[in-house]
Amino acid sequence: MDITVKTAEELRLTAEEFELIQQKLGRTPNFTELCAFSGMWSEHCSYKNSIKWLKTLPRSGGRMLVAAGEENAGLMDMGNGWGVVFKIESHNHPSAIEPFQGAATGVGGIQRDIFTMGARPIASLNSLRFGNITDKKTQRLLSGVVKGIGHYGNCFGVPTVGGEVYFEECYHTNPLVNAMSVGIMQANKMVSATAKGTGNPVIYVGSATGKDGIGGASFASANITEESAEELPAVQVGDPFQEKKLLEACLEVIETGAVVGMQDMGAAGIICSTAEMSAKGEVGMRIDLDKVPMRQKNMKAWELLLSESQERMLMVVEKGREQEVIDVFEKWDLSCSTIGEVTDDGLLKFYMHGELEAEIPAYELVLGGGAPQYTREYKEPAYFEKINAFDINNVTDINAADIKATAEQLIQIPNIASKRWVYTQYDSMVGAANASTNAPSDAAIVLAKGTDKALAVTVDCNSKYVFANPYVGGMIAVAEAARNIVCSGGEPLGVTNCLNFGNPYNPEVYYQFVKAVTGMGDACKKFNTPVTGGNVSFYNQNPEGPVYPTPTIGMVGVIDEFENRMTLDYKQAGDVIILLGKQQNDIASSEYLHKLKGVEYSPVPHFDLDKEFALQQFVANIIKEKLINSAHDLSEGGLLIALLEKGFNRDLGFEINATTDGIRNDAYWFGEAQSRVVVSCSKQQAEVLQQKAKAAGIAFTQLGTVTTDAITINNESWGSITVWKEKYDTAIEKLLK
Amino acid sequence: MKFGVVVFPGSNCDRDMQDALQNDLNKEVIMLWHKDKDLSMFSTEDCIVLPGGFSYGDYLRCGAIARFSPMMQSVIDFAKMGGKVLGVCNGFQILCESHLLPGVLLQNANQQFICKNVYISNNATGALKIPIAHGEGRYFANDAVLDELEKNNQVIFRYSDAAGLIDTQFNPNGAVRNIAGIRNKEGNVFGMMPHPERATSALLNNLDGKKVFEFLGLN
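Quick note, the sequences are listed as chains C and W, same order. Those letters in the first sequence? Residues 1 to 737, by this note's numbering. Those letters in the second sequence? Residues 1001 to 1219, by this note's numbering.
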């Protein structure tokens, strides 16, 4: 067959890229080679439109043990020789087409990134975004995605300990499914994703290769259109049972010491793992594709290279020690075959039936090597005009008499209401290490068994804020994640991010990307939480437009002494309720303004990075000094929602007497200005706290006291906390009936 | 009394069970591989535990393949000699498939996997807060079998509220007669859907699981 620009374009390469490939090879590639470039130079594998800006993020320092992007996932020092490995990844496009398998394989893929390094996954989280929950299509996607995540995670046996779910119209066609996994290991046992040692065998482990998921990486690098549904075979099918065996076998095989390097086969399957491992080790590989276990007959070389069949690993093993490795995989009834060997010429040579099918320098395929890197233009989006035109004075404030009715509406908005319908479908307790089940906190707290420490983990992003102001919104996403960890008694260690945006060739979308990354970077520097890695998902866009810019932040913190962990709920009647951080006359981008007042375009909520940092330092200190009994940060729905949420765990109410001091009623109770935390403590503790807050320059407002059951606000009775809890718990369930 | 915990491919609560027994209940634990058969290190005073998880991927039917594994043949013999056997969640399903316990476990009434704390009760323990995590936990047997179970006092736990009130509204999965766990007539084989091993640590703020092991005489 003749290979032309047209062939390249059909494989989603541009004319310029086709020319570049010809230059690099010094000849026209054959079809198999062109497929290899198509997979490796796809947005998903090459980061060609994002890497320039990702490099501006703080990617080293802190407690990082490997630099960002060097390995399959980030590794950070937990102390005492232990490391925590974590990463977040998107599976948006597959989930839009086939929600159950799309989400399931997203969970499976991220787990492999963790255990391929030698870590045992101990916690999963996810961040999900859908359209309007009352829409039938959304309900189908929601139930499919949740079932898929549960199907894979529950069987694989890692607890899903945290997450977020948002419903906004912009995600109607493009739902977002971001999955994160966190594992622990003895840091000196890390297995690198490197090929080394000429003559060392290359071993393929796990499920056989089929035609599923072919072109998945390039599929994820295009807009979703009606035709996308016809691309169903580009979605992979997962088998969590195989992966559970693969996990145990891989951890066991690493113990033999015979493994030189290992990488999972995810996007762009065999071509990606062979290219990346070879390029990293500055070696080549000779691979006999006939030796790859196949699920179907007559598979072609290009299909074998690009297949994204799940639950597969590529391993380079010390020559002569193959049997030790084979023994372990046989024990776990996993197929394992030597498919080639490491060479010293830097070339990937793929043979089939003895014929050379493809020959490409590994370096030319990979990010940081020959893969193109683009500088995209960007310009301020036109919709900013509408945001700038917002004037709070054009929004009528609510009367004091309407506060209760407003709170009742807000507590039942799907973005605020309990996500119980979702999370009870996930096994959140397997591993017997989830310390938040019976003692909830802002971040999930997971015991790191084998050590005397615990981890605090969270995923956060309010994309409406990022839409309103990508730079500040990006900072807020990081700040909120850090705040959640600090309010749980943890010390933030590092960040993994999942950057979900529209089409990067649209300058307005690219503006959102550039500014959000810059904001995240500035916040990460402030909190000393380097970005250890993550994933970029562009093309979350359809003919109606892009999704809100959604840079999901996954953050991991460490709790050195478990007795310093903090929980969010009121502990006993009589405790004093205190707001730390300043009230603002601000309703911008709040759920109240958007959902109840119908105003979509408004600025980002009030945020000051230095004040945020000071507040977090203060909260961290008073937790260590044992001055508070609970801490819960304010987020969607503002102060009143936080006060209610603090009561639900123990069915405790509260009595509040507040003077709004010239601040609007809606802003005071439902505004979403950042950098505020509600704590509770005894009267004696409160006195000390007030002195400390004054000395530290932290705004301190005594709001009221915890009660046994009843809620009273400014002498008005709001009834029992249990009635409010019922509304909060069942709101989503009622909408799904 | 020492414990053996069987590891099937797909078991995922095996380490939790080991951890709970060793570290929280101070028991000796030996991990047993499904391909092995040897139980000679155990006497009938000891207990073999079939842990939760998805043995053999739950293919065909939960527990249906595990029943035929080499180790299960030895466990069945061990039970018949009077040795103690406890099956939790998937382990309970395996015991039913192996006919060491009567009845079956069907898909939950709401067709969904459910993971949450529930309360389970009997006259001796009162209500205990224990987590469940299963998609197929709806215990079912015909009335004759159920009447026989009740007559012989073989129902060990039923779903209840925090005060011990047993009522269908507190039944998470639609189990017949609110049954959460049963034992065999001889009283040496126990099966239950809730996970006591997830509730034996002060760090997790729940010690009710210890009371389950005490009640079963496995302490």
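Take these hints with a grain of salt, some might be off.
What the hints assert, rightly or not - Which chain W residues stay away from chain C? Per the calculated CB distances, all over 12 Å, these:
#1 Ile1030
#2 Lys1129
#3 Asn1153
#4 Thr1168
#5 Gly1187
#6 Lys1211
As the list claims (entries may be wrong) - Here's a subset of chain C near chain W, in silico, CB distances under 8 Å, partners left out:
#7 Ile3
#8 Lys6
#9 Lys245
#10 Ala439
#11 Leu447
#12 Tyr505
Claimed, not checked - Computed list of lysine-lysine pairs in BS3-like fashion (alpha-carbon distance at most 30 Å, straight line):
#13 W:Lys1129 - C:Lys571
#14 W:Lys1211 - C:Lys571
#15 C:Lys331 - W:Lys1129
#16 W:Lys1185 - C:Lys449
Since the hints were made in silico from the structure, they are not lab data. We put the CB at the ideal spot given by N, CA and C, even for glycine.
Exercise. Given the proposed pairing of lysine 1211 of chain W with lysine 571 of chain C, does the C-alpha separation stay at or below 30 Å?
Worked result: Status holds; Cα separation ~26 Å.
For this session: Decide if the proposed pair is consistent with the structure: lysine 1129 of chain W and lysine 571 of chain C, CA atoms, cutoff 30 Å inclusive.
Result: The given pair, whose Cα atoms are some 20 Å apart, holds under the 30 Å limit.
Exercise. Does the claim that glycine 1187 of chain W lies outside the interface with chain C hold up, using a Cβ gap greater than 12 Å?
Worked result: holds (27 Å)
Exercise. Once the shortest beta carbon distance from isoleucine 3 of chain C to chain W is found, is it less than 8 Å?
Worked result: violated (43 Å)
For this session: Verify that the Cβ of asparagine 1153 of chain W lies farther than 12 Å from every Cβ atom of chain C, and report whether the claim holds or is violated.
Result: holds (30 Å)
Problem set entry | No chain C beta carbon within 12 Å of lysine 1211 of chain W's | holds (16 Å)
Exercise. Do the alpha carbons of lysine 331 of chain C and lysine 1129 of chain W lie within 30 Å of each other, as the hint requires?
Worked result: violated (38 Å)
Exercise. Per the stated criterion, does the least C-beta distance between threonine 1168 of chain W and chain C lie above 12 Å, as a non-interface residue requires?
Worked result: holds (18 Å)
Exercise. Is the hint on lysine 6 of chain C kept, meaning its closest Cβ partner in chain W is under 8 Å away?
Worked result: violated (44 Å)
Problem set entry | Cut-off 8 Å, beta-carbon criterion: hint that leucine 447 of chain C touches chain W | With Cβ-Cβ at 6 Å, under 8 Å, it holds.
Problem set entry | Hint validity - lysine 245 of chain C Cβ closer than 8 Å to any chain W Cβ | Status holds, d = 5 Å.
Exercise. Any Cβ of chain C at or closer than 12 Å to isoleucine 1030 of chain W, or is the non-interface label fine?
Worked result: holds (18 Å)
Hint violations for this structure: numbers 2, 7, 8, 12, 15 and 16, all remaining hints satisfied.
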